[in-house]
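Participant: Sequence:
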Amino acid sequence: MEWVRFSVKCPSAAVEAVVGIMLEVTGAGPSVEDCGALKLVRSYVAVGPEAEENHRTLVSRMMDIPAYLGGNSPIVVERDIVRDENWAQAWKEFYHPLRIGRRLVIKPSWEPWPPVEDPEAARPDDVVIELDPQMAFGTGTHPTTQLCLVALEDLVTPGARILDVGCGSGILSLSAVLLGAASAVAVDVDPVAVETAGVNAAKSGVGESVEVRRGDITVVPEQGFDLVVANINAPIVCQIASEVWRRLRPGGYFIASGIIETLMDSPLTAIKDAGFHVPDIRRQEDWVAILGRRPD
-6 MEWVRFSVKC PSAAVEAVVG IMLEVTGAGP SVEDCGALKL VRSYVAVGPE AEENHRTLVS
54 RMMDIPAYLG GNSPIVVERD IVRDENWAQA WKEFYHPLRI GRRLVIKPSW EPWPPVEDPE
114 AARPDDVVIE LDPQMAFGTG THPTTQLCLV ALEDLVTPGA RILDVGCGSG ILSLSAVLLG
174 AASAVAVDVD PVAVETAGVN AAKSGVGESV EVRRGDITVV PEQGFDLVVA NINAPIVCQI
234 ASEVWRRLRP GGYFIASGII ETLMDSPLTA IKDAGFHVPD IRRQEDWVAI LGRRPD
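Counting in the working numbering, the sequence shown runs from -6 upward without gaps.
Everything labelled a hint here was simulated from the structure, so no lab data went into it. Any given hint could turn out to be false.
Per label pair, the in silico range of CB-to-CB distance [to be verified]:
no., residue 1, residue 2, range
1, GLY20, THR262, 23 to 29 Å
2, GLU254, PRO101, 26 to 32 Å
3, ASP57, VAL109, 47 to 53 Å
4, ARG76, PRO107, 30 to 36 Å
5, SER235, PRO107, 40 to 46 Å
6, TRP106, GLY217, 32 to 38 Å
7, ARG92, GLY198, 17 to 23 Å
8, CYS28, ARG239, 36 to 42 Å
9, GLU26, ARG95, 40 to 46 Å
10, PRO214, GLU26, 32 to 38 Å
11, GLU26, ASP273, 24 to 30 Å
C-beta atoms are modelled at their ideal positions from N, C-alpha and C, and glycine is treated no differently.
Make a model of the complete structure from these sequences and hints.
Facilitator: Here is the structure:
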């Protein structure tokens, strides 16, 4: 199958705006990668008339981004065609096992753990997540994902119920269950992410414990979750803060990430206004994860 890949290079200050526009226009969760001094935001849609309309809309909407966010140069949308097999081969060239936090190891299915060249790398208490992200966001390499993973290591308790909003590849849901959670509900508006997360859950042996649904947080009417994690972006965190509150049990935690440090005031205010205490704000490079706790 062929896909249209939309790519936007922009300063860090503009990433939140670019991600929000891409998500709104394409309905697919964008990925964010470092690209020298700039950030590279990418999203994928199937080839067809809708992709052409998406491109025209993206070009128009990028003009709405304020000049002070975009710097001196206009923000340009580039597009190219990617085949499934080319995408898979590209991942195999640069995606390798990665240790995160104290116990977590993220590895693609085609790589052994421990590595052949370093058999001493493995530790007795390693939690190994086998992950093939395909075109869904969430490889473990981005600072926002790593912030969430380390927070999950600290906060997941045996038997916990987890809600993962904007699950992408499913990396956070899988990790939570393998860390001891009883179950996870993972949701994403991107159909590619939903399919990918389900496949990854099965490959990691937690398919019966991770339920994947297509949609936003409103497709999860259940309440009483012990922990909600949302690695999305600042505008959506602002939108869902009160919805997260209603779905958490008293004493439960909200891990909110995908937020650039310079733009964290709005989501921080929204989280506090929803009723959360904020015991910690964690930082990595230009990004933050806000930890909110619903009072007992």
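Participant: All hints, please: hold or fail.
Facilitator: Hint check:
Between GLY20 and THR262, the C-beta spacing of about 28 Å keeps the proposed range 23 to 29 Å intact. Distance hint check: the CB atoms of GLU254 and PRO101 are about 30 Å apart, consistent with the given range 26 to 32 Å. At about 50 Å, the beta-carbon gap between ASP57 and VAL109 stays in the expected band of 47 to 53 Å. A C-beta distance of roughly 33 Å is found between ARG76 and PRO107, which places it inside the suggested range of 30 to 36 Å.
Under the hint 40 to 46 Å, the C-beta atoms of SER235 and PRO107, about 45 Å apart, fit the expected range. Hint check: TRP106 to GLY217, Cβ distance near 35 Å, so the stated range 32 to 38 Å holds. Separation of ARG92 from GLY198 is about 20 Å and conforms to the stated range, judged on CB atoms against 17 to 23 Å. In this structure the supplied range 36 to 42 Å holds for CYS28 paired with ARG239, their Cβ-Cβ distance being about 38 Å.
Under the hint 40 to 46 Å, the C-beta atoms of GLU26 and ARG95, about 26 Å apart, miss the expected range. For the pair PRO214 and GLU26, the beta carbons lie near 35 Å from each other, so the given range of 32 to 38 Å is met. Taking the beta carbon of each, GLU26 and ASP273 are about 26 Å apart, inside 24 to 30 Å as hinted.
The structure does not agree with numbered hint 9 stated previously, though it agrees with all others.
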